[in-house]
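The sequence shown begins at 431 in this note's numbering and counts up by one.
Treat the hints as calculated values from the structure; they're not laboratory data. It is possible that part of the hints are untrue.
To be verified - In silico DSBU-like links for lysine-lysine, alpha-carbon gap of 30 Å or less:
hint : residue 1 : residue 2
1    : 460       : 446
2    : 438       : 512
3    : 512       : 488
4    : 460       : 589
5    : 488       : 446
6    : 567       : 446
7    : 446       : 581
8    : 581       : 553
9    : 589       : 551
Unchecked claim - Distance ranges between label pairs, derived from CB positions:
hint : residue 1 : residue 2 : range
10   : 597       : 480       : 25 to 33 Å
11   : 449       : 495       : 33 to 41 Å
12   : 434       : 585       : 47 to 55 Å
13   : 586       : 450       : 19 to 27 Å
14   : 486       : 597       : 39 to 47 Å
C-beta atoms are modelled at their ideal positions from N, C-alpha and C, and glycine is treated no differently.
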Amino acid sequence: MNKSTREKGFRQLMSKYQERLYWHIRRMVKTHEDTDDVLQNTFVKVYRNLDKYRFDAKLYTWLYRIAINESLNHFRKIERNKSVSLDDENSNIYTIKSDNYFDGNQAQVMLASAIDTLPEKQKIVFNLRYYDEMPYKDMSEVLSTSVGALKASYHLAAKKIENIITNES
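Please build the complete structure, drawing on both the sequences and the hints.
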């Protein structure tokens with residue numbers, strides 16, 4: 431593939447998936463600035479690895495896998511750079527409420543806060559299914575996990591969220 435064709439294809443890919451990936455990353459990362467950084471890293475990695483894309487998987491599942499990995503790398507980097515604080519539990523709630531890009535009502539704030547308490551894997555599964563409405567089969571490709579395990583993880587996440595919201599109401 432020549433450079434011109436590669437760049438044109440990449441621009442089309444970005445145009446088609448940028449917003450979708452932005453919101454997927456945003457639900458995990460929370461702040462607009464961090465989301466932009468992770469999204470940029472995602473597309474850099476996609477560009478560098480276009481030649482390695484295997485056509486046995488859907489393109490968007492490959493993109494989601496890269497976005498999830500970059501989001502997890504972001505979390506690991508934050509964990510390495512910070513010391514544990516007593517305010518950490520409430521920091522994401524504050525971030526959500528004070529975020530200029532978040533225009534949600536109280537129910538959405540409660541949902542986002544409840545999702546934030548989930549273990550990382552359940553959070554990813556819940557976001558992919560609930561917000562992105564991704565079929566379990568596609569999630570299985572993205573996360574390299576069986577459909578049954580994903581259904582169980584989603585069910586557990588939904589129950590935890592329900593309990594948290596019920597107790598806060």
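Could you work out which earlier hints the structure fails to respect and list their numbers in ascending sequence? 2, 3, 10 and 11
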